[in-house]
Amino acid sequence: MAIKGAIVVDTERCKGCGVCITACPKDVIALAKSVNGKGYNYAEMVNGDCIGCAGCAIVCPDGVISVYKSKIND
Amino acid sequence: MIFNQEIIKPENLVYTKTKVLTDNVMHYCPGCGHGRIHRIVAEVIEEMGIQDKAICIAPVGCSVLAYNYFNVDSLGAAHGRAPALATAIQRLYPDNHVFTYQGDGDLAAIGTAETMHACNRGENIVIIFVNNGIYGMTGGQMAPTTLIGMKTATSPYGRDIHLHGYPLRITELLADLPGTYFITRQSVHTPAAVRKAKKAVEMAFQNQKNKKGTSFIEIVSNCNSGWKMSAPDANKWMEENMFPKYPIGDIKVDGVKVSK
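Those protein sequence lines, which keep their order, are chains R and F.
The opening residue of the first sequence carries number 6 in my numbering; numbering runs sequentially from there.
The opening residue of the second sequence carries number 131 in my numbering; numbering runs sequentially from there.
Hints listed in this document are in silico derivations from the structure and should not be mistaken for laboratory results.
One should not assume that every hint holds.
Not the full set, but computed from the structure, chain F residues with beta-carbon under 7 Å of chain R [as the list claims (entries may be wrong)]:
id, residue
1, K147
2, V155
3, H157
4, P160
5, A218
6, I219
7, L222
8, Y223
9, P224
10, I278
11, S355
12, K358
13, M359
14, A361
15, P362
Straight-line alpha carbon distances no greater than 25 Å define the calculated DSS-like cross-link-like pairs of lysine-lysine that follow [as the list claims (entries may be wrong)]:
id, chain 1, residue 1, chain 2, residue 2
16, F, K147, R, K76
17, F, K149, R, K38
18, F, K387, F, K366
19, F, K326, R, K74
20, F, K387, R, K43
21, F, K281, F, K326
22, F, K341, R, K74
23, F, K341, F, K387
24, F, K358, F, K149
Don't be surprised by glycine CBs; every beta carbon is placed ideally from N, CA and C.
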């Protein structure tokens, strides 16, 4: 059993400030190479190490991150 | 991504934006602390179940459009006069939760008199004071809270004490007034700091519910556009430079000053 998390970013509302990247303890988030409708490089999940701590969502100034967490059988 | 599919289900949701904030896109700069402060206030309102009783007084400054984001009744006050307007509304509706949301240019400069007198009268209101040491909306001019040596649009060689005076620590001043019941200084730059700030906001609204007097929460925040830095750099700069002048922690709890 392992606790796994995942984030969903509302890419159209993300402003790409990067505060979630410094808050993430597992280096799961990075800015995307593509941009959203406003021209910001939005945040996205780049690997499966997320533990669902919700640190990124708590410091996100625009509240664009939703966090999910569950127990997964290895 | 494939590895997310079995995790992203409604029953596994642990955190999402509260419904007390509207879905409007905030006009704040990327990385601004205002969004986080809005959210913790909204989360406290949701958890206490006071959405229909809360009344937000929006100031003049960056957060002038706060009523577009808080899904509660709101009013806009004249520059600096939010505590005066809050006084009136709280006296007319004593069972409602009136809170003001002000920046340092609004509360500590043009609104000093209103703030001091509202706190001295011990009005049963919650004041949320966002201190980023600069006038953000008008283009980064010097504020009363600007640090010594800090460069702004109107102090291009840095703030000079002989020319501009000293940074104003209005929170410590207000702690001397007998009308204030709860005074604290928090920040919102890390997840732990946001959680602590949320607890402080919750305590302030509880005090208001119990009709204890004025609760005043200063939140030291960043202005990465005004400071001309990226958002993560601004948070780091704030830790190194703002916190020595504006130390984080409770200043007055239950009407008694915390000794340090």
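Comparing the hints with the structure gives:
This hint holds: K147 of chain F has a C-beta 4 Å from the nearest C-beta of chain R, less than the 7 Å allowed. Look at V155 of chain F: its Cβ gets to within about 5 Å of chain R, closer than 7 Å, so that hint holds up. Taken as an interface hint, H157 of chain F does not check out: its beta carbon lies about 10 Å from the nearest beta carbon of chain R, beyond 7 Å. For P160 of chain F, the suggested interface contact is upheld, since its CB lies about 4 Å from the closest CB of chain R, less than 7 Å.
Checking A218 of chain F against chain R by beta carbon gives a least distance of about 31 Å; that is not within 7 Å, so the hint is violated. Interface restraint check: I219 of chain F against chain R, minimum CB-CB distance 27 Å, threshold 7 Å, status violated. Proximity of L222 of chain F to chain R is violated relative to the hint, the smallest CB-CB distance being about 32 Å (cut-off 7 Å). A cut of 7 Å between beta carbons decides the hint on Y223 of chain F: the least distance to chain R is about 29 Å, and the hint is violated.
Because the beta carbon of P224 of chain F sits about 32 Å from the nearest beta carbon in chain R, more than 7 Å, this interface hint is broken. Checking I278 of chain F against chain R: minimum C-beta separation of about 27 Å lies over 7 Å; hint violated. Checking S355 of chain F against chain R: minimum C-beta separation of about 11 Å lies over 7 Å; hint violated. With its C-beta approaching chain R no nearer than about 15 Å, K358 of chain F sits outside the 7 Å limit, and its interface hint is violated.
Interface restraint check for M359 of chain F: the shortest CB-CB distance to chain R comes to about 11 Å, outside 7 Å, so the restraint is violated. Here the hint on A361 of chain F is kept, as its CB sits about 4 Å from the closest CB of chain R, short of 7 Å. The restraint placing P362 of chain F at the interface with chain R holds, with a minimum CB-CB distance near 5 Å, inside the 7 Å limit. Distance hint between K147 of chain F and K76 of chain R is fulfilled; the C-alpha atoms sit about 23 Å from each other, no more than 25 Å.
Between K149 of chain F and K38 of chain R the CA atoms are separated by roughly 31 Å; this puts the pair beyond 25 Å, and the hint is violated. Restraint check for K387 of chain F and K366 of chain F: the C-alpha separation of about 29 Å exceeds 25 Å, so the hint is violated. Taking the CA atoms of K326 of chain F and K74 of chain R, the gap is near 23 Å; set against the 25 Å cutoff, the hint holds. Of the supplied pair hints, the one linking K387 of chain F and K43 of chain R is violated, its CA atoms being roughly 48 Å apart against a limit of 25 Å.
Taking the CA atoms of K281 of chain F and K326 of chain F, the gap is near 30 Å; set against the 25 Å cutoff, the hint is violated. A distance of roughly 39 Å separates the Cα atoms of K341 of chain F and K74 of chain R; the hinted pair therefore is violated under the 25 Å criterion. Our distance criterion of 25 Å between C-alpha atoms is met by K341 of chain F and K387 of chain F, whose separation comes to about 19 Å. Of the pairs offered as hints, the one joining K358 of chain F and K149 of chain F is violated, with about 33 Å between alpha carbons and a cut-off of 25 Å exceeded.
The structure fails to meet hints 3, 5, 6, 7, 8, 9, 10, 11, 12, 13, 17, 18, 20, 21, 22, 24 from the earlier list, while all remaining hints are met.
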